[in-house]
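Top line first, the protein sequences correspond to chains A and C.
Residue numbers for the first sequence follow the working numbering, beginning at 1 and rising by one.
Residue numbers for the second sequence follow the working numbering, beginning at 1 and rising by one.
Hint data in this document are derived by calculation from the structure and do not stem from the laboratory.
Here a beta-carbon is modelled for each residue, glycine too, at the ideal position from N, C-alpha and C.
Just to be clear, a hint being listed does not mean it is correct.
Said to hold, decoys possible - Covered, in the sense of this in silico footprint (three residues per stretch, anywhere, with C-beta under 8 Å from a C-beta of chain C), are these stretches of chain A: (1) 100 to 114; (2) 191 to 204; (3) 207 to 217; (4) 305 to 319; (5) 389 to 397.
Number of protein chains: 2
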Amino acid sequence: MSIQETIHQMGRQARAAAYKLAQLTSDEKNDILRAMAAAIRRRTPELLAANVLDLAAGEAKGLSNAMLDRLKLDEKRIEAMAAGIDQVATLPDPVGEIMDAWDRPNGIRISQTRVPIGTIGIIYESRPNVTADAAVLCFKTGNATILRGGSEAIHSNVAIASALAEAGAPEHAIQLIPFTDRESVAVLAGMDKWLDLIIPRGGKGLIETVVSLARMPVIKHYDGICHLFADKDADLEMASTLAVNSKTQKPGVCNALEILLVHRDIATGFLPKVATALREKNVEIRGCANVLEILPDAKPATAEDWDTEFLELIIAVKIVDSLEEAVAHINEHGSHHTDVIVTRDEVAAEQFLGSVDSACVFHNCSTRFADGGEFGFGAEIGISTDKLHARGPMGLRELTSYQYRVRGNGQVKG
Amino acid sequence: MSIQETIHQMGRQARAAAYKLAQLTSDEKNDILRAMAAAIRRRTPELLAANVLDLAAGEAKGLSNAMLDRLKLDEKRIEAMAAGIDQVATLPDPVGEIMDAWDRPNGIRISQTRVPIGTIGIIYESRPNVTADAAVLCFKTGNATILRGGSEAIHSNVAIASALAEAGAPEHAIQLIPFTDRESVAVLAGMDKWLDLIIPRGGKGLIETVVSLARMPVIKHYDGICHLFADKDADLEMASTLAVNSKTQKPGVCNALEILLVHRDIATGFLPKVATALREKNVEIRGCANVLEILPDAKPATAEDWDTEFLELIIAVKIVDSLEEAVAHINEHGSHHTDVIVTRDEVAAEQFLGSVDSACVFHNCSTRFADGGEFGFGAEIGISTDKLHARGPMGLRELTSYQYRVRGNGQVKG
């Protein structure tokens with residue numbers, strides 16, 4: 001069979017599996033999830049052996065140490081994967097929830113009921129743990145998955161997917177595409193008859209490719225150019241603490257702070273204070289011209305810095321004249337992910353929250369809380385930068401659709 | 001400016017307008033809506049004059065009478081358009097609604113708040129009233145719209161859009177693309193920086209084109225191949241009445257019945273009864289081989305008939321052996337729009353509702369209730385055949401997104 005025929009067949013199989021998955025009770029799904037965790041634990045030796053093949057190929061290809069570390073599985077990481085699956089089994093199942101229900105004057109009773117989406121394609125890069133994480137969240141919500149991982153992790157991915165598949169799930173509930181070339185992405189993205197949704201997990205290049213090819217909905221996880229605005233009524237101590245935590249607590253992730261905006265009225269008092277605290281954490285400060293007057297040893301920021309997700313210990317700092325200017329800057333230069341205002345002025349805070357066009361808008365707390373775990377979702381498939389269907393941290397609920405179920409007793413339209 | 005430059009500029013303007021629209025109160029929006037209705041009424045002579053140009057061009061091009069009728073505006077239709085706008089002003093505004101709110105152990109307070117989507121592109125064909133209907137629903141929900149109508153109605157569309165624009169809405173809240181060529185669709189569909197959503201309203205060809213070009217989410221309104229399944233425990237009188245109403249009450253629309261499935265156990269008693277009632281309404285019956293044994297004067301159904309949205313007085317009828325076969329047939333051949341079971345058996349009904357993969361699943365009522373008006377939404381932008389974001393009848397709520405607003409008092413991530 002050609003790549004196209006193979007993937008289309010997987011699509012048909014996924015659809016058939018989805019109909020079976022939709023009929024499983026929460027208890028049945030949770031039992032299978034626990035069996036999946038057990039299978040991952042039991043198969044640890046095979047997973048390690050498969051991973052050794054990927055690591056050897058990666059070294060031969062000259063992958064960086066950072067890339068090899070992403071690729072690497074060890075007993076601790078495999079146990080974490082299994083424990084993650086056990087944890088998903090304990091979460092409430094959103095499927096079947098009545099979201100809304102009402103009666104109409106003619107006596108028909110309408111209910112809006114949560115149902116699985118159906119079939120979901122996951123396209124991802126080098127981390128093999130995504131195979132388990134994504135498949136398990138989709139399974140919990142009654143969706144069939146087709147996984148297409150990167151070539152670097154193919155042996156590990158095959159081993160993980162095969163462990164998951166032996167745990168009693170309906171046949172073809174979790175399928176891994178055995179091809180890692182580009183054509184397989186194109187075929188998957190064009191297969192809107194069999195696939196209801198694609199979630200790309202990886203860098204901007206991967207997402208862009210999927211977006212340009214996909215005929216079905218795509219939920220995108222683009223970058224996080226997150227801002228903190230220290231308003232004129234900010235508690236300076238709090239603003240400094242929040243800026244440092246947001247920037248340095250884990251700099252390489254999408255909810256880390258990249259841009260600090262400071263109200264002109266507090267700049268002289270605040271900038272030296274926050275600069276000292278940031279530099280204690282080895283953060284490089286790049287300032288606008290006005291910032292450089294107050295912090296002469298900061299680097300000048302370039303025009304591109306305002307549109308950059310640094311993902312390292314660099315922060316760009318700009319003085320603004322007003323809350324309105326801060327909001328306008330964020331809406332123009334940000335990535336609509338997570339933005340924070342620090343202020344004691346409740347009116348200013350509400351104005352900020354109500355006018356910044358981002359998935360997460362925060363008052364007086366760290367950007368790092370933009371996270372499914374911190375929100376209490378128990379699990380997270382990602383942080384959507386889209387506005388349709390799912391925005392911001394995506395938990396299990398965002399992996400469901402709904403259906404209108406209407407019950408009548410013979411009503412006709414007159 | 002080139003077409004591309006013009007449309008990109010409209011995109012930038014729409015984004016700026018969207019930020020202003022998001023700040024309007026419901027009262028302010030409703031006042032503007034009533035002013036739009038008044039402007040439509042006041043401009044009736046200009047609308048009629050513009051429409052005459054479209055009708056003359058349509059006649060010269062040899063458009064069918066049906067097409068010309070879709071295109072035509074008269075005083076009654078213009079008054080209906082204005083009355084529709086007044087009606088939208090009376091509906092509750094979903095923007096600002098707190099969908100969910102909770103506190104976390106660290107004291108941050110999270111709320112999920114409805115906000116406008118932002119900017120919406122509407123691509124439609126010949127009916128000029130879509131210009132007002134779509135723009136007004138988007139305006140009510142705080143979204144800026146870019147409209148791209150068909151060439152047949154261009155004069156009417158320009159006149160309507162210009163009437164709407166003079167009613168006090170923020171500048172560029174409603175913009176009509178002055179080009180009707182194909183390039184303008186391609187430019188719009190590629191403009192994901194400025195446009196958050198595209199809604200194509202029209203035939204399958206238009207939707208397919210938009211789906212293959214669009215980089216942003218598209219909400220699709222594909223066809224309705226709706227089924228009614230008369231179960232073995234159906235009340236035969238009710239099943240016949242519902243089949244006739246679903247098929248004939250308005251045959252040319254997506255929620256009209258196309259396929260009747262009959263349980264083998266009741267076929268002999270039911271088919272002659274329903275055939276008589278359907279034929280009284282001039283419905284042509286096309287049957288499977290088993291149906292033809294009972295209704296020898298029915299036409300034989302072809303294989304394609306099971307996958308056809310007839311939109312006229314034709315129905316395809318098939319005998320099935322079980323509820324499971326009915327469900328499998330619907331899931332394979334239907335368009336996942338609206339499907340009905342008629343039965344007195346509550347268990348069978350719930351099994352059907354829980355296993356048919358359609359936006360609307362009904363028990364004992366007409367398919368014709370799959371409609372925003374019938375659901376009580378007050379207004380409808382269409383009936384989505386998608387599973388993401390909006391499924392089934394789409395009202396004002398489905399024209400919104402949400403945002404997480406988080407309020408803390410200095411919390412950092414440890």
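Okay, the hints, checked on the actual structure:
Residue count for the stretch 100 to 114 of chain A with a Cβ under 8 Å from a Cβ of chain C: 4. That meets the three needed, and the coverage hint holds. For the stretch 191 to 204 of chain A, the proposed coverage by chain C is satisfied: 3 residues have a C-beta within less than 8 Å of a C-beta in that chain, meeting the threshold of three. Check result for the stretch 207 to 217 of chain A against chain C: holds, 4 residues qualifying (beta carbon to beta carbon below 8 Å, three or more required). Only residues whose beta carbon comes within less than 8 Å of a beta carbon in chain C count, and the stretch 305 to 319 of chain A has 0; fewer than three means the coverage is violated.
For a cut-off of 8 Å, the count of residues in the stretch 389 to 397 of chain A with a CB near a CB of chain C stands at 4, and the three-residue condition holds.
Hint 4 from the list above is the single one not met by this structure.
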